[in-house]
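Engineer: Letter by letter, the chains look like this.
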Amino acid sequence: MDAITFWILAAILVVSSVLVVGQRNPMYSVFLLIVSFAALAGLYIQLDASFAAMIQIIVYVGAIMVLFLFVVMLLNVPTDDAGGEPRRMFGAGPRRIGAVLSAVFAIELALALVRVVSTPLPSSDRGAPVATVYDIGVKLFRDYAFAFEATSVLILVAMVGAIVLARKEAR
Amino acid sequence: MSLLLIPLLPLLGFLVNATLGRKLTKTASGTIAVAAIGASFGVAVMVVWSLLHQAPIGGVRAIDQVVFSWIQSGPLSIPLEFRVDPLSSVMILVITGIGSLIHLYSTDYMHDETDGEYARYFSYLNLFAAFMLVLVLGASFPIMFVGWEGVGLCSYLLVGFWFTKQSAADAGKKAFVVNRVGDWGFILGMAAIFATFHTLDFQQVAFRASQLPIETSVGIVTGITLLLFLGATGKSAQIPLYVWLPDAMEGPTPVSALIHAATMVTAGVYMIGRNAVLFSHAPLTLNVVAVIGCLTALMAGTIGLVQNDIKRVLAYSTVSQLGYMFLAMGVGAFAGGIFHLYTHAFFKALLFLGSGAVIHALHGEQDMRRMGGLRKELPITFWTFLVGTLAIAGVPLFSGFFSKDEILGRTFASGHTVLWAIGVATAFLTATYMFRLLYLTFFGERRAAAADAHGAPAHGDDHGRGAALSEAGTAESKGHLHDAPMAMAVALVVLAVGAVFAGYVGVPETLGGGNRLEHYLAPSFVAPTIAADANGGIAVAPPVPEAPTAAEGESAGTEWMLMGVSVLAAFGGIGLASLIWFRNPRIADTMAARFGVLYRTLLGKYYVDEIYDAIIVQPIKRVSTFFLWRGVDAGLIDGTVNSVGFAVRGSSAVLRRLQTGSVRAYAMSLFVGVIVIVGYFLWR
Amino acid sequence: MPEPTLNSYLLLSAVLFSIGTAGVFLRRNLITILLSVEVMLNAVNLTFIAVDRYRGTVDGQIIVFFVITVAAAEAAVGLAILIALFRHKESLNPDAFTSLKW
Chain G
1 MDAITFWILA AILVVSSVLV VGQRNPMYSV FLLIVSFAAL AGLYIQLDAS
51 FAAMIQIIVY VGAIMVLFLF VVMLLNVPTD DAGGEPRRMF GAGPRRIGAV
101 LSAVFAIELA LALVRVVSTP LPSSDRGAPV ATVYDIGVKL FRDYAFAFEA
151 TSVLILVAMV GAIVLARKEA R
Chain E
1 MSLLLIPLLP LLGFLVNATL GRKLTKTASG TIAVAAIGAS FGVAVMVVWS
51 LLHQAPIGGV RAIDQVVFSW IQSGPLSIPL EFRVDPLSSV MILVITGIGS
101 LIHLYSTDYM HDETDGEYAR YFSYLNLFAA FMLVLVLGAS FPIMFVGWEG
151 VGLCSYLLVG FWFTKQSAAD AGKKAFVVNR VGDWGFILGM AAIFATFHTL
201 DFQQVAFRAS QLPIETSVGI VTGITLLLFL GATGKSAQIP LYVWLPDAME
251 GPTPVSALIH AATMVTAGVY MIGRNAVLFS HAPLTLNVVA VIGCLTALMA
301 GTIGLVQNDI KRVLAYSTVS QLGYMFLAMG VGAFAGGIFH LYTHAFFKAL
351 LFLGSGAVIH ALHGEQDMRR MGGLRKELPI TFWTFLVGTL AIAGVPLFSG
401 FFSKDEILGR TFASGHTVLW AIGVATAFLT ATYMFRLLYL TFFGERRAAA
451 ADAHGAPAHG DDHGRGAALS EAGTAESKGH LHDAPMAMAV ALVVLAVGAV
501 FAGYVGVPET LGGGNRLEHY LAPSFVAPTI AADANGGIAV APPVPEAPTA
551 AEGESAGTEW MLMGVSVLAA FGGIGLASLI WFRNPRIADT MAARFGVLYR
601 TLLGKYYVDE IYDAIIVQPI KRVSTFFLWR GVDAGLIDGT VNSVGFAVRG
651 SSAVLRRLQT GSVRAYAMSL FVGVIVIVGY FLWR
Chain L
1 MPEPTLNSYL LLSAVLFSIG TAGVFLRRNL ITILLSVEVM LNAVNLTFIA
51 VDRYRGTVDG QIIVFFVITV AAAEAAVGLA ILIALFRHKE SLNPDAFTSL
101 KW
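Chains as they are written, first to last, in the working numbering: chain G, 1 to 171; chain E, 1 to 684; chain L, 1 to 102.
I should point out that these hints are in silico values taken from the structure, not numbers from a laboratory.
Careful, some of the hints might be misleading.
Derived lysine-lysine pairs resembling DSBU-like cross-links, with alpha carbons at most 35 Å apart [unchecked claim]: (1) E/173 with E/26; (2) L/89 with G/139; (3) E/26 with E/621; (4) G/139 with L/101; (5) E/165 with E/26; (6) E/23 with E/376.
Values in this document were obtained by computation on a predicted structure and should not be read as measured data.
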């Protein structure tokens with residue numbers, strides 16, 4: 001059962017990601033990304049990481065993607081390549097190089113990752129203690145307390161930065 | 001009392017005048033300077049007095065003072081130590097005494113300068129005195145060298161005092177640079193001394209040198225002494241380094257009197273006297289010294305015979321008399337050389353100051369062809385000048401006679417007959433050109449040129465003299481010339497008295513005197529038996545100095561005969577000069593025309609300057625310009641530095657292309673880096 | 001259907017990451033580029049969770065927590081910049097912004 005779930009979710013994930021990259025209309029890209037996030041959340045649940053899955057949905061999809069949507073709609077983003085800039089520096093040649101490099105990278109990464117010892121995941125271990133939010137919380141505020149606080153500062157900075165950067169030059 | 005005061009007082013005078021000079025009045029700065037050197041003279045007198053009354057320890061009398069430990073480096077220990085013994089006592093009295101008179105004279109002579117310049121002059125003069133005193137009071141080579149260099153510096157400053165005048169600035173530079181060549185020899189000599197004797201203290205060196213056998217061939221001591229003598233030729237204007245001294249007449253006349261007659265140029269003679277033991281052990285060097293001294297004397301005498309500038313004549317005369325002193329040193333008559341140094345200081349300073357009075361009265365005229373008839377108008381100047389001229393000519397009863405005769409006598413007695421003959425010939429020449437000077441300047445009719453139709457005398461054009469004689473005096477000469485003002489007159493008179501009586505301390509025994517000077521100086525020229533430690537103790541018990549007065553194998557008869565020859569030479573010269581320049585000056589013109597080539601050569605100073613320029617100066621200039629300047633400096637060094645810049649510029653021109661401004665290109669390069677890194681870890 | 005092992009998850013993550021990278025290079029729309037960056041981040045998140053499950057710890061989830069937070073901040077700022085750029089040049093083509101070249 002788990003295997004099927006995995007493969008379906010994986011397929012959805014990959015396809016939607018490819019489409020995200022491939023779509024012309026950015027609006028569609030955003031929606032497709034949401035779909036991929038959903039699939040990812042499903043994979044997280046399958047990996048017994050329910051907390052992460054929920055965070056993903058709530059924060060990532062619910063906030064960040066919405067933000068993206070806002071911006072897309074605000075800017076009335078034209079479809080791709082309407083910039084009309086002469087592509088003297090990034091013409092077809094470099095693009096193909098980019099594609100080739102990505103493929104190379106993919107292979108490289110895969111090779112690297114599969115060197116890890118291949119053991120089956122103890123997936124069907126229903127009786128195994130699943131990490132609860134309680135456990136996560138304890139770890140978060142004990143071992144990672146500093147990172148937590150730092151992140152809050154980071155958010156503050158990002159907030160301020162976003163406001164400053166995006167405001168109109170009203171002189 | 002402290003030996004340190006002797007050089008310190010003029011040094012303080014220098015400091016005051018150098019720092020505050022511009023704000024002081026002329027009276028103030030002059031008084032400070034004269035007071036400083038005068039006080040130094042007072043201290044010197046007291047020191048010498050106590051020295052004379054000191055009970056000699058084994059024949060040695062000395063006063064020693066260590067001021068502080070200057071250099072302490074391994075085996076080398078040089079304290080700042082001053083030492084007065086008979087030799088340096090004579091020197092300090094000459095320097096401070098005659099120096100004071102010259103300072104006094106300068107207060108009037110330099111009066112036309114501005115306040116600031118006046119003070120600057122006196123600060124330099126005081127500084128010179130301080131350095132010269134350090135030179136003679138130093139107890140070791142380095143101390144003497146400090147003074148040696150210092151007086152060279154002051155000579156440069158003072159010769160080039162009117163530095164806005166190109167010839168004066170050039171003369172100052174020439175003096176310094178030529179001196180420097182000599183100093184190189186001195187430094188090498190010092191280094192060699194340290195390497196050989198492991199000490200630089202005079203007493204110690206003398207002691208250790210006395211342990212060595214007398215060298216008959218070229219050995220280490222000969223080498224050392226030759227190097228030191230090279231330094232002496234530079235400082236004391238002998239062949240080959242005398243060329244700076246005539247040019248140095250560009251400086252104010254009192255400077256010429258002090259530095260180039262009485263004191264600085266005698267430093268070389270003093271140095272040899274100070275190291276008499278060392279030099280005595282190198283007879284080869286002594287021969288060189290004597291020969292060079294003698295030849296210089298002759299050469300300078302011939303040149304002085306035809307010069308037209310009053311100061312130039314005196315300059316060459318100085319070179320010539322210095323030659324005599326070196327001749328004396330070279331034949332072993334150290335006391336004789338110092339004796340002549342001492343009398344020469346008097347009459348040469350007198351002559352220079354007298355010429356200064358003449359120049360002052362004539363408002364800057366220095367060409368003798370435009371002088372004449374000044375006897376009536378400048379009486380004080382004339383009479384004192386006459387005394388000086390008689391002294392230098394070697395007329396009996398004047399000081400110059402005794403000292404010159406001493407030298408000639410000792411030269412003959414030591415067997416150097418040829419040198420003696422040349423010395424006599426030079427004495428003849430001396431009398432001739434000095435009386436020529438006297439007659440041209442003070443006798444006859446005033447020959448001031450109406451319009452300055454006669455150009456620079458350097459071209460050897462002597463027609464002016466004959467033609468000018470027929471001119472009547474111009475409006476200038478008719479005007480009242482004022483004789484020397486008070487300060488100058490005092491100095492002249494005192495020096496004149498000295499020129500007469502100073503020689504009496506050295507009257508030889510044959511004439512009834514006891515040659516006291518020689519006896520007094522003798523202990524300075526022999527080695528101590530036990531050398532002192534570096535902490536300033538005094539040498540103990542030197543051997544009894546051999547009586548140097550009784551010249552070996554010389555009978556009283558020989559001495560009378562030699563004296564007669566000297567007198568004959570002197571009067572012969574006076575007679576010749578009177579015949580020509582007193583009676584019939586046209587003879588000189590005809591002779592000049594007859595022996596045209598010889599005349600021009602003499603007038604051109606044997607073209608030595610031109611030779612030096614061609615052989616030494618021009619090649620150095622060329623090498624410096626083309627090789628060192630363009631080649632090394634501009635090419636190599638600048639090139640290296642610039643090439644760094646070029647390299648950076650070039651490489652950056654290439655690397656600049658990476659900055660495309662395209663974000664994606666940057667991302668691409670980033671990505672490539674990531675691939676490489678991951679790949680690296682993959683292959684590990 | 002073979003059981004999903006750790007390797008399969010890791011492989012999936014690698015594929016996802018390369019897709020994101022390709023997107024960064026190949027698209028000429030700034031928004032799409034940003035979205036591709038998000039894809040890359042998610043790939044990494046997947047790696048963390050997978051290894052987490054394999055090891056039985058919860059640190060991975062916490063790290064994912066932080067990653068998502070930072071991604072949010074980054075997206076906010078990035079979009080703000082994007083808006084500013086768009087206002088300036090009326091274009092979202094990254095090649096249009098080349099004033100930083102020499």
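Engineer: Hint by hint, work out which the structure violates, then give me just those numbers in ascending order.
Structural biologist: Those not satisfied are hints 2, 3, 4, 6.
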